[in-house]
Amino acid sequence: MDWETVIGLEVHVQLSTVSKLFSGSATKFGAEPNTQANIYDLALPGTLPVLNAAALGMAVKFGLGIGAEIGRRSVFDRKNYFYPDLPKGYQVSQLDFPIVGKGSLTITMDDGSEKVIGITRAHMEEDAGKSLHEDFHGMTGIDLNRAGTPLLEIVSDPDLRSAKEAVAYLKKLHSIIRYLDISDAIMAQGSMRCDANVSIRRRGTKEFGTRTEIKNINSFKFVEKAINFEVRRQQELIEDGGRVVQETRLYDADKDETRSMRSKEVANDYRYFPEPDLLPVVIDEAYIAAIKATLPELPDARGARFVSEYKLSEYDAGVLVATREMADYFETVANGSGDAKLAANWVSQDLLGLLNKHNWEISQSPIQAQRLADLIKRIKDGTISGKIAKTVFDAMLHDTASVDAIIAAKGLQQVTDTGAIEQLVDTVISNNPDQVQQFRAGKEQVIGFLVGQAMQLSKGKANPAQVNELLRNKMKTK
Amino acid sequence: MIEKTVAELAAALASGDISSVELTQAYLNRINRYNPTLNAFITICDESALQQAQAADAARAKGKNINPLLGMPLAHKDIFCTAGVKTTCGSKMLHNFIAPYNATVVEKFNAAGAVMLGKTNMDEFAMGSSNETSHFGPVRNPWNTEYVPGGSSGGSAAALAADLCAMATGTDTGGSIRQPAAFTGITGLKPSYGRISRWGMIAFASSLDQAGPLAKSAEDAALMLNVMAGLDEKDSTSIDKPAEDYTTTLNDSLAGLRIGIPRQHFAKGLSADVETAVRAALVEYERLGATVKEIDLPNNHLSVSAYYVVAPAEASANLSRFDGVRYGYRCADPVNLEDMYKRSRSEGFGDEVKRRILVGTYALSAGFYDAYYRKAQKIRRLIKDDFTRAFDTVDVIIGPTSPHTAFKLGAKTDPVTMYLEDIYTIAVNLAGLPGISIPAGIANGLPIGMQIVGNDFAEAKLLNVAHQFQRETDWHKRKPVALGKGA
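Sequence order for the protein chains is A and B. For the first sequence, position 77 matches number 77 in the numbering used here, and the numbering has no gaps at all. For the second sequence, position 301 matches number 1301 in the numbering used here, and the numbering has no gaps at all.
These are computed hints drawn from the structure, not numbers from a lab. Hints should not be assumed to be uniformly reliable.
Listed next, with one range per pair, are the computed distances between beta-carbon atoms [said to hold, decoys possible]:
no.	chain 1	residue 1	chain 2	residue 2	range
1	B	1100	A	282	30 to 38 Å
2	B	1337	A	215	15 to 23 Å
3	B	1355	A	4	46 to 54 Å
4	A	282	B	1370	18 to 26 Å
5	A	112	B	1374	26 to 34 Å
6	B	1110	A	259	41 to 49 Å
7	B	1374	A	26	37 to 45 Å
8	B	1242	A	215	16 to 24 Å
9	A	190	B	1370	52 to 60 Å
The beta carbon of each residue, even a glycine, is placed where N, CA and C say it ideally should be.
With the sequences and hints as input, model every part of the structure.
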């Protein structure tokens, strides 16, 4: 049977504000339990929320970043449920009037095809605390450091048709959020979380199938795996004559499977109603304009500019703009070296290879952009060959000296002095009479071997073009 | 001394006729004598009150702090959080709760140098109109101890009427300042919503709750409001509107004042005694140069129903934090989380609180939201519109505060009958307007209250209108005869 997968993602990102959404407590990751919870976070009676203006600004920034409608009058609501790590017994969220309305983003698949994915809405809400079940025999520990941390929940339209598209969407969202600098968006740390709504239907039908919601997916890789598992599960279920039950399922990365989270099929009634402790948030054009003025160039626009300004291929541009840090790095190298093409190659191959090998972020790179630019400059002006440059690059990992100093200290300058090269060439000719004979007999390809010998003798420092030319001349004239 | 108004006591303190320590001690003595009968206080702060009084006297001697309330003994309703002093909200749920912080109202009185005598009894979580729902037992009316003092600020009202303090704070969600003020013969002001910070005031219904002064005169209420009012950045619903000196306009002439009397407040259900007293007061106002005309508040009859959807709905969420997890009452030996929630809340809350949580939860439930909560909010707008229209042609609206005088303890057992107690006051909360209750007569040995309602932020006008009446009459000076004079 031919099935079509339908996926919608709900992504929560922690906004990287200094303090919480409605209180002055700090939001640093990894602090001692309950050291970042004040009387509001603890829900002491009589305490009241005050909206963090920075969180609002970030939410609006996101909305503008995806070209969405901005709610001129957005309203906070209470979502009521009991849980020990939800101190007030309700979460302050937004239901009917979110801060960000309809928007979209464009994803690019591996084959280069593009697709526009709708974003239904994004709203502000406060995070819950954490319940810690280990370490407390038969009891639960409550850590309220996270309680009240500002979240932006971004809800996509059900426009995604495969796990790969879902991952591409998530990566693009991640990229935009990082460009906007509104969240660390680190899935492993929970500052970006993803729930996937997955259903299948027979290709060609219009109605959606019954969906399940998968929670607890904490990496891009697991998003793909969890969705693929769930799609297979639903297909097998239906093909065996079964029926998909609308439920919440938990992804277990160790077993690579999704499991039903609740045995009972009880729909929660959250009894939303407008939060009376907060006034509706009314924002005007001037406010929006001021935020718009702070928007950075976003990945799509930057990629297009890289193609037109630096003459990069679409592919290279796509790789380089994936993160704002990478794109910034590239531009520093390109402008510092004056050779965008070389810069693109070195950044996307040598540097990225290095980072991947060590699992480093670009900010952790031991080679700063300006030093890589200096290195490329020395290739361009003939001081070193591209091959020698790799040696210098490796040396730069451990040596913080300037590129020129490293080249000088290691004596890696390219030998361009004709006299020195002539000596080399003469030695090679006298050491390899057979090959010289063959060349003279018309076996042109032997030249490669001879150049190689000369380069070896020079420890790679000779200018290979010069060697080549001189060898040919000498062998012809004799 | 103890029977004097704050204005009079301020003069006595300023002139050195009496010290704050002496005055404080006099009130403490009287509290010790009468509180066992009245049950107006849940917590009495003898020691800290005398310390505060000493500090006030010292400050005065140094010429520091010339606030009229310096050294003035006051009682706080036990709904305001007080750092280091128990705040129970009249509930078993918080019988042992000591807040680590002060409510803004408390902070402001502290800054003014007032002396806190203690925390007053109240209906549990401010839910009640008779002060009979308190976990700490009912408060008795000083005018006749068989009668209720009204609620929910019944402890503050009784304490003030019995001269157990010079002034007291209260809160008013549907009439909880004005109705007990009426029942005990004192002056009680509910300011406009947002005029006074709610920070540190334990929430019942957030969109309706408002703190206010209970006082022995309108002038005293003005002096208190001067301290209490103002923007608080910790309360997002407090209004960014400069607080005024409410004493400066107290003596403005009432010539030309346009008074509206709502037809709906003089209809079936109003007792003859109360109607007679209020109509007599209106004659007095006419004598002072005011004109009186009938007005319509056509949606007034919907106010109690709308209120008993909105207020319980908000309360159902506001009271969710009382779960036995972090503070307050926790049941003994819970077997699991659900058991802890259920028993802590079942055992910690009284019947009326539970009733309202159930009603509110129901009103917000899926499928009922539109029929109840949304409709109630629509009615709220209609009620506000009624007032807005009325204030196009009148300056203040006057009527009875309550349909009758205080009733006997235990007389009203049916919740709905009790809810109808607030038929004249509730609409004012729904519309967010200021209202004041002042004494306007006595019937069968019990005080009669008259309500004056103003437009948004017209507190100064209300106090002016109330003060001018009190200059011409002495109802506010009448004391309960049931209690002896002096300490």
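Checked hints:
1. Distance hint check: the CB atoms of residue 1100 (chain B) and residue 282 (chain A) are about 34 Å apart, consistent with the given range 30 to 38 Å.
2. Checked against the given bound of 15 to 23 Å, the beta carbons of residue 1337 (chain B) and residue 215 (chain A), roughly 20 Å apart, stay inside it.
3. Here the CB-CB span from residue 1355 (chain B) to residue 4 (chain A) is close to 52 Å, well matched to the stated 46 to 54 Å.
4. For residue 282 (chain A) and residue 1370 (chain B), the Cβ-Cβ distance of about 25 Å falls inside the hinted range of 18 to 26 Å, so the restraint holds.
5. A beta carbon spacing of about 50 Å between residue 112 (chain A) and residue 1374 (chain B) contradicts the range 26 to 34 Å that was offered as a hint.
6. In this structure, residue 1110 (chain B) and residue 259 (chain A) break the distance hint of 41 to 49 Å, their C-beta atoms being roughly 56 Å apart.
7. Checked against the hint of 37 to 45 Å, the pair residue 1374 (chain B) and residue 26 (chain A) passes, with Cβ atoms roughly 39 Å apart.
8. Hint check: residue 1242 (chain B) to residue 215 (chain A), Cβ distance near 50 Å, so the stated range 16 to 24 Å is violated.
9. Between residue 190 (chain A) and residue 1370 (chain B) the CB atoms are about 37 Å apart, so this pair departs from the stated range of 52 to 60 Å.
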